[in-house]
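A.B. asks: Place chain B on chain A using the hints.
There are 2 protein chains.
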Amino acid sequence: MKKPILPKGTRDFNSSELYKRNYIIDVIKDTFSKFGFNPIETPSFERAETLLGKYGSEGERLIFKILKSGNFLKDADTTDFNNKNLTNLSRKIIDKALRYDLTVPFARYVVQNQNDISIPFKRYQIQNVWRADRPQKGRFREFLQCDADVIGSNSLMQEIDFICLFEKVFADLNLSGCRIKINNRKLLVAICEIYNCQDKFLSLINQLDKMDKVDRIDIRKNLLNDNFETSVIDSIFNIIDLSVDFNKNKDALSEIFSSSKIGSEGLSEIEFIFSYFSENKLTNSKLDFDIGLARGIDYYTGVIFEVLPPENILIGSIAGGGRYDNLTEIFGLKNMSGIGISFGLDRIYLVLQEMDLLPNYLDTSTQAIFLNFSKDFSFDLINFSNLLRSNNINCEFFPDPISVKRQLNYANKNNIPYVIFYGDEEKESGSLKIKDMKTGIQQILTPEKLIKKLKNSSENEI
Amino acid sequence: MKKPILPKGTRDFNSSELYKRNYIIDVIKDTFSKFGFNPIETPSFERAETLLGKYGSEGERLIFKILKSGNFLKDADTTDFNNKNLTNLSRKIIDKALRYDLTVPFARYVVQNQNDISIPFKRYQIQNVWRADRPQKGRFREFLQCDADVIGSNSLMQEIDFICLFEKVFADLNLSGCRIKINNRKLLVAICEIYNCQDKFLSLINQLDKMDKVDRIDIRKNLLNDNFETSVIDSIFNIIDLSVDFNKNKDALSEIFSSSKIGSEGLSEIEFIFSYFSENKLTNSKLDFDIGLARGIDYYTGVIFEVLPPENILIGSIAGGGRYDNLTEIFGLKNMSGIGISFGLDRIYLVLQEMDLLPNYLDTSTQAIFLNFSKDFSFDLINFSNLLRSNNINCEFFPDPISVKRQLNYANKNNIPYVIFYGDEEKESGSLKIKDMKTGIQQILTPEKLIKKLKNSSENEI
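Chains as they are written, first to last, in my numbering: chain A, 193 to 654; chain B, 193 to 654.
Errors might be hidden in some of the hints.
[As the list claims (entries may be wrong)] Looking from chain A toward chain B, a few residues come up when the C-beta cut is under 7 Å (computed):
1) P235
2) S261
3) K276
4) I286
5) S345
6) S347
7) K453
8) E588
9) L600
10) Y602
11) N606
To be clear, the hints were calculated from the coordinates, so they are not data collected in a lab. Nothing here was measured: the structure is a model prediction, and the numbers come from that model. Idealized CB from N, CA, C, for every residue including glycine.
Looking at chain A on its own, in the form it has when it is part of the complex (with noise of 0.2 Å):
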């Protein structure tokens, strides 16, 4: 028989990866928490026509979707079929879709539940998200988003604190250097309609989200493809280096954006945070503007965020989000300013990794192993386990007298930190015998000592 596979793009977690994995999410979570966010969760899958049709015909094509149940071929059409017409007959055969993203679902939530929720509504969802997009490092087709939300108010004081929430997760994982990028798409947007370039818009955010990979000596080159002039282009790349230093240019940036109503309002937004942050510096990440940070996500409208991690660590970004205005707006409900941020945790995984900054004491819960040395021990081995149990101590028993040697190397392999004896001489002294599988060390103890022992050196290492 041949030897089982995984789905391609696809994990096993083991315990040692997913104490590790929980580590930063709880982080997230209790972050989350401390900002006044609690959780909602989505079905994994959702009706067809609420995820179709709303990510693009690139987003389209990585969404997995799900066979009807029982005669999936009820509705489907044979010219379809025979024209291989592969979009009309999927939507025939097919009823449900995984989740893409933790947005959409989002605003159909809201929009469903608009009579319950009060309103500036204020959520975080942490679910897997599902997309067949082509593995690599990093990028999987079953992956966890954190998702942090408040819709209904268009209160720039939430910007600030979706900013102070980014310091807060990555001071408490001890990630510091972080790069926070923020800009504005209505700078965007009115970069377009002074240099008179509106119908150019998507090229031009296109164009901007690959600055970070490419040269820009290519993007001028795809730029100028795009029937951009080159006095756009200087210009352009002109506001973008003003923006790098935003206190000191403040004054030539007001002066390029005055002409438009969009453009000064979109920079006096800007102004307000930075005005936050100049008396309340962050001390553990980094706050960069960058009206070259576009996020090619089409439903931003404002303030757009982006977090990198060191300068030093070759991933990609490992967090983001922006304001919507009209996301919710896609299921019928209209005038609800949103503004959402979304971590990633397999990036964060693997910056952690790379920094080395992954506690490495999270192998195993289990704090101690009874060794079975007789078949006549194993009622007392299960009393014992229960005594430890019930003073919140975590362990086991091996459940087999099998040789020393073994039951050694099972504790060994899984990092078990102490192993306890109990054989003949211990049911009669009714102490036991206690090794610290680390130093070596031995001691006999009478039960409630071993107790207190074990339980201060759980305590010790939380």
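C.D. replies: The following block gives chain B in isolation, referenced to the frame of chain A:
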């Protein structure tokens, strides 16, 4: 535009529901850890060949299948399409399927990672599974299973340990009076051997499975229909009745099963388990032997469990499990006896809800909200919020200076226990006014005292 709706049998969870669900999950997870289990996770979908052919034709029908990405028709057969040969065609156009349970993926995991795990391998897995079942009370198409398994040892100490684990989970949930029913599949095999109806084993299992819901007269009719003789049916019912009081009827049962090797073996296993629990009585749940317990899952080969809620609660089993000797054999790895149990979160939730045992203080984790009286205070509110957060207090500010009434309304609707007033007076004095939303009592406190008060109140609530 039509209001969006959810796929059949799926649910959104709001914060209040999630905090209660997580309370149950945390008890189960903590207990798994206490008993020395560590977590693993597997992908939500598996390759089609991993899942198909493992659950019988009924189960196969209920598996959600995922359409191939890209040209899903590339291997499809026109004849299959024209003849509506659904099984053939679906195997050509799909290549993945959503997890139907956690057991088959676990077996796949063990076989695939056999060189990295140490035997006995103890794991827990708390993840969603999906079944295209007809939805009804407590039955959904996406639901959470909480499984723990040990594989690689046939020691009966584990059967006892799992019963202790059931006892601890339900005690920690303050749910007393649950009935842990146990039986041994070996005894059912022996019955068919003794009464010479080995060919009718599955039919017997099938009928016994209905004993909880169907009258004995009807079971008798069904068994007669399946060609069981009247005298055999009488004997089987007699054995089942004897099993109800194991300690009293031990000798009678021993005699009945004495002619069957597998029967004697099965009975002595039960005797071993009862001998432990007659010395170490359960105090929270009841342990009942019931030879009528069958659990219609194919892979069980030894002791089986089923936990029912207290007698007055009309909800089916809330947990179950059993020993299986050949599970990993489906992926080519022989001789790995295992035993596992599973908790059904939705059913446990319903039972606790019906008995009013769900903690109801868990509606929000936000402790306090700063009311917003003017844009002039924006930065102060953000700073005070961050001060509280750095003292481990979950809080938020209202983002817009709308009417106090509407802001208080928001606090009320979200069950936030404290609101904090910060206006001109407070800004001048440096003290803040805090209002307890339950008692209505207001106090004016320095920031230090405010923090102390909120810290104390959050500790009292937990």
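A.B. asks: List, from low to high, the hint numbers that the structure doesn't satisfy.
C.D. replies: 7, 9
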